[in-house]
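A.B. asks: Each chain, letter by letter, is given below.
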Amino acid sequence: MSGGHGVHLLYRPGTSPVHRLPPQVKIVAALLGVICVVATPRTEFWAFGLYLVLLAGIWAVAAVPVGHFVRRAVIEVPFVVIALVMPFLGAGPRFTFLGLSLSEPGALAGWNILAKGTIGVLASLTLAATTAPRELIVGLQRLRTPAVLTTIATLMLRYLEVIAAEARRMRTARISRGHNPRFLWQAGATARGIGSLFVRSYERGERVHLAMVSRGWTGRMPDGGAAAEPSTWLAGLVPVLCTASVLAVALWLP
Amino acid sequence: MSGVWTEEQRRRAGRTPSSARPSALHVERLAFAYPDGHQALFGIDLRVEPGERVALLGPNGAGKTTLVLHLNGVLSGGSGRVSVAGLPVSKSTLHEVRRRVGIVFQDPDDQLFMPTVGADVAFGPANFGLSGAELDARVRSALDAVGMAAHIDRSPMHLSGGQRRRVALATVLACDPEILVLDEPSANLEPVARRELAEVLLDLDRTMLMVTHDLPYALQLCPRSVLIDDGVIVADGPTRELLADADLLAAHRLELPYGFRLD
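Protein chains in written order, with the working numbering: chain V, 2 to 255; chain E, 2 to 264.
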């Protein structure tokens with residue numbers, strides 16, 4: 002999604018092999034990879050280390066600096082807080098760490114959330130960093146996602162900015178007439194502003210639909226993108242094969 | 002009624018074809034009432050020949066938009082007939098009619114909904130069955146026609162008002178319509194963008210029906226004007242004559258901007 006003037010929040014344009022991979026391949030790879038991570042038993046600590054190394058390898062190929070992901074992974078913080086609280090609140094056998102009495106099952110559950118959550122977030126960020134938003138939609142379209150969903154996603158990509166700009170203009174107009182939304186009793190004006198924004202957006206929706214119908218729209222977005230060759234699929238799924246191998250070893254190693 | 006073109010004048014102006022080529026647009030006794038009972042059109046008769054540029058003038062609520070939405074079958078169900086380049090508008094011809102009638106809506110943000118300019122221009126022709134290299138060529142030539150080819154990969158959000166208006170025009174040109182219908186093309190444009198759009202429109206050399214309140218713009222672009230009020234056509238003739246008739250304009254809540262005078 003581009004915020005402000007063409008600056009992408011999540012996407013980092015590039016020409017690496019990862020960027021050039023067809024979006025449908027990347028979506029499938031990210032999904033299968035995350036499923037493997039989630040299926041890994043939480044006590045196989047080494048496996049999670051390998052997953053992280055694998056992700057770092059993909060970042061190196063994609064030429065996206067680690068800092069890009071670290072800054073954006075902050076979104077995970079609420080879950081990290083929960084994970085850190087669990088060792089204190091859990092029941093069962095306890096152990097002492099740095100003079101603190103901690104619950105063993107609680108610590109393991111916290112670790113489980115922390116490890117799998119972090120790797121899941123990093124995998125999603127990797128997909129988002131190497132695939133432009135509209136490419137993601139093309140990928141979903143090629144994966145036979147229902148047309149209604151991809152149409153909604155396309156419209157959302159475009160109109161989020163239009164509606165945000167409209168909201169900004171309405172806010173400026175309110176403030177210019179002395180509205181100071183710091184005070185609670187002035188929240189009413191903001192609420193009414195949101196209400197009228199909703200009505201305006203609804204009306205705009207009707208006009209957009211009219212304009213689409215006038216250009217021959219019949220309920221399906223025109224097809225985009227191209228089918229990926231079997232060899233491309235294979236190359237794109239190499240990281241998944243690595244992840245699955247690690248999972249297999251973790252599951253069946255005595 | 003004043004400023005009405007006789008058949009003879011029209012023939013001399015080369016607007017009535019001697020061949021059998023059908024009118025670009027033919028509206029016969031079109032009447033329409035909205036479901037709430039409000040009667041918007043009371044029997045409109047209008048014929049636009051290929052190559053003509055016609056301004057559709059009238060005060061707010063005169064029925065201009067209602068008429069426009071009948072041209073591509075978005076509204077229907079009243080009495081009368083509409084045909085586009087010989088093809089009558091009906092349920093079975095709707096898809097082809099929508100290709101033949103290209104409507105450029107007033108707010109480009111309503112028209113441009115795809116993430117990039119190129120994808121948006123491709124939307125119409127793709128719906129009408131074009132694909133591959135043919136589609137790319139059509140997108141390219143439509144953007145060339147409005148001077149926006151360099152912006153093909155940009156988001157419509159990051160274009161100026163005038164640029165957005167021209168891209169909206171390109172999205173319709175790409176469908177290769179028989180008649181271009183423009184709803185208030187000069188609204189919200191700065192003077193330079195307004196003039197640039199006029200130059201683009203004049204260069205297109207297409208049949209046009211232009212709904213507008215901008216009377217000087219109608220004079221600049223359209224040799225012929227049709228004045229509609231209360232759901233009927235009250236005048237149809239050369240734009241200059243029509244706009245010079247101050248009494249006629251005043252009777253239908255229209256007036257030239259301050260400082261303008263046509264004699």
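Do not take every clue at face value.
Listed below are several chain E residues computed to face chain V (Cβ distance under 8 Å; list not exhaustive) [what the hints assert, rightly or not]:
1) R99
2) I104
3) F106
4) D110
5) T117
6) G125
7) A134
8) Q221
Just a sample of chain E residues kept apart from chain V, beta carbon distances all over 12 Å, derived [to be verified]:
9) R30
10) P217
11) L250
What the hints contain is simulated information worked out from the structure, not anything from laboratory work.
Yeah, the Cβ is synthetic: ideal placement off N, Cα and C, and Gly gets one too.
A.B. asks: Honestly, which of those hints from before does the structure not fit?
C.D. replies: Violated hints: 7 and 8; rest satisfied.
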